[in-house]
Amino acid sequence: NAGVMQNPRHLVRRRGQEARLRCSPMKGHSHVYWYRQLPEEGLKFMVYLQKENIIDESGMPKERFSAEFPKEGPSILRIQQVVRGDSAAYFCASSPPGGQPQHFGDGTRLSIL
Amino acid sequence: AQKVTQAQTEISVVEKEDVTLDCVYETRDTTYYLFWYKQPPSGELVFLIRRNSFDEQNEISGRYSWNFQKSTSSFNFTITASQVVDSAVYFCALSEFSGNTGKLIFGQGTTLQVKP
Numbered sequence: 071n072a073g074v075m076q077n078p079r080h081l082v083r084r085r086g087q088e089a090r091l092r093c094s095p096m097k098g099h100s101h102v103y104w105y106r107q108l109p110e111e112g113l114k115f116m117v118y119l120q121k122e123n124i125i126d127e128s129g130m131p132k133e134r135f136s137a138e139f140p141k142e143g144p145s146i147l148r149i150q151q152v153v154r155g156d157s158a159a160y161f162c163a164s165s166p167p168g169g170q171p172q173h174f175g176d177g178t179r180l181s182i183l
Numbered sequence: 003a004q005k006v007t008q009a010q011t012e013i014s015v016v017e018k019e020d021v022t023l024d025c026v027y028e029t030r031d032t033t034y035y036l037f038w039y040k041q042p043p044s045g046e047l048v049f050l051i052r053r054n055s056f057d058e059q060n061e062i063s064g065r066y067s068w069n070f071q072k073s074t075s076s077f078n079f080t081i082t083a084s085q086v087v088d089s090a091v092y093f094c095a096l097s098e099f100s101g102n103t104g105k106l107i108f109g110q111g112t113t114l115q116v117k118p
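Chains U and Z, in that order, are what the protein sequence lines are. Each position in the first sequence, counted from 1, maps to that position plus 70 in the numbering used here. Each position in the second sequence, counted from 1, maps to that position plus 2 in the numbering used here.
Treat the hints as calculated values from the structure; they're not laboratory data. The C-beta atom is built at its ideal place from N, Cα and C for all residues, glycine as well. Careful: at least some of the hints might be erroneous.
[Stated by the list, open to error] Using C-beta positions, here's what the derived DEER-type ranges look like:
| id | chain 1 | residue 1 | chain 2 | residue 2 | range |
| --- | --- | --- | --- | --- | --- |
| 1 | U | Gly73 | Z | Asn54 | 44 to 52 Å |
| 2 | U | Arg134 | Z | Ser44 | 26 to 34 Å |
| 3 | U | Glu111 | Z | Arg52 | 35 to 43 Å |
| 4 | Z | Glu17 | U | Pro171 | 25 to 33 Å |
| 5 | U | Glu138 | Z | Gln4 | 21 to 29 Å |
| 6 | U | Lys132 | Z | Lys18 | 49 to 57 Å |
| 7 | U | Ser100 | Z | Glu17 | 37 to 45 Å |
| 8 | Z | Ser14 | U | Gly98 | 37 to 45 Å |
| 9 | Z | Ser14 | U | Gln120 | 37 to 45 Å |
| 10 | Z | Pro118 | U | Glu142 | 47 to 55 Å |
| 11 | U | Gly73 | Z | Glu61 | 22 to 30 Å |
| 12 | U | Arg79 | Z | Glu12 | 24 to 32 Å |
| 13 | Z | Ser14 | U | Ile124 | 15 to 23 Å |
[Stated by the list, open to error] Pairs of lysine to aspartate or glutamate residues, derived as EDC-like cross-links and limited to a Cα-Cα distance of at most 20 Å, are as follows:
| id | chain 1 | residue 1 | chain 2 | residue 2 |
| --- | --- | --- | --- | --- |
| 14 | Z | Lys5 | U | Glu110 |
| 15 | Z | Lys40 | Z | Glu19 |
| 16 | U | Lys114 | Z | Glu19 |
| 17 | U | Lys114 | Z | Glu17 |
The task is simple: from the sequences and hints, build the whole structure.
Put into structure tokens, the structure is as follows:
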């Protein structure tokens with residue numbers, strides 16, 4: 071979808087395990103955004119990153135969640151010690167400098183057993 | 003505070019009917035973007051339109067049209083002669099220029115069901 075690649079498409083974890091979600095932005099895009107969509111809800115902003123920098127993490131839960139966008143490789147959203155409430159669809163979007171327009175990946179559906 | 007409200011949770015129409023999805027937003031910025039996205043049952047997000055706050059011209063793209071009214075802080079979306087393939091969840095979103103983060107604030111979404 072618009073060149074933003076997210077994997078895996080579906081991820082199943084047991085409570086207490088770690089979940090790693092990957093996002094490769096569109097070619098030429100240096101800005102990455104992560105959003106979370108809980109069941110039956112709209113998308114909520116989590117974090118905004120540029121290469122090697124977290125610019126805005128105002129939407130990230132204070133514990134267990136972290137994100138990075140290294141100089142080389144995809145952006146990673148990491149959830150440690152997952153709980154049932156982490157079950158959601160996690161979308162990544164990328165943009166050129168300036169932040170617009172954002173192109174979304176197909177999302178990762180995280181299910182916690 | 004930034005906020006996007008889509009008051010209609012679910013709408014059901016019969017094919018070929020026209021349908022309007024409402025979107026009302028709140029922002030303190032004078033410069034901002036508004037968006038509509040479509041999320042079909044397969045789950046991906048499909049970009050439909052972006053409008054900046056300085057451009058109040060209505061836009062038409064095929065069966066889709068958008069009515070942006072700054073005076074009422076609304077950005078409504080109309081589908082003319084709806085089709086079954088239009089069945090999806092539609093999200094309205096806002097992005098402010100200030101802070102230059104570009105993050106999107108989404109409404110709760112409107113689920114549109116078009117019956118044959």
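**Item:** Status of the given 47 to 55 Å range, CB of Glu142/U versus CB of Pro118/Z
**Value:** At 50 Å between Cβs, range holds.
**Arg52/Z and Glu111/U - C-beta distance against the hinted 35 to 43 Å** = 23 Å, violated
**Message:** Checking one constraint from the list: CA of Lys5/Z to CA of Glu110/U, max 20 Å. Satisfied?
**Reply:** Holds, at roughly 18 Å.
**Prompt:** Measuring from beta carbon to beta carbon, are Ser14/Z and Gly98/U in 37 to 45 Å?
**Reply:** 41 Å, holds
**Message:** A range of 37 to 45 Å was offered for this pair. Does it hold for the Cβ distance of Ser100/U and Glu17/Z?
**Reply:** 43 Å, holds
**Asked** So does Glu17/Z sit 25 to 33 Å from Pro171/U, Cβ to Cβ?
**Response** 31 Å, holds
**Item:** 21 to 29 Å as the expected CB spacing between Gln4/Z and Glu138/U, which holds or is violated
**Value:** Holds: the Cβ-Cβ distance is about 26 Å, inside 21 to 29 Å.
**Asked** Between Lys114/U and Glu17/Z, does the CA-CA distance stay at or below 20 Å?
**Response** 32 Å, violated
**Request:** Take the C-beta atom of Ser14/Z and the C-beta atom of Gln120/U, compute their distance, and say whether it sits inside 37 to 45 Å.
**Result:** 43 Å, holds
**Request:** Evaluate the given range 24 to 32 Å for the C-beta pair formed by Arg79/U and Glu12/Z.
**Result:** Given range 24 to 32 Å: holds, Cβ gap about 27 Å.
**Prompt:** Can the suggested window of 44 to 52 Å be confirmed for the beta-carbon pair Gly73/U and Asn54/Z?
**Reply:** 23 Å, violated
**Request:** Could you check the hint for me, namely that Lys132/U and Lys18/Z are 49 to 57 Å apart, CB to CB?
**Result:** 50 Å, holds
In this structure, the hints that do not hold are numbers 1, 3, 13, 16, 17, in rising order.
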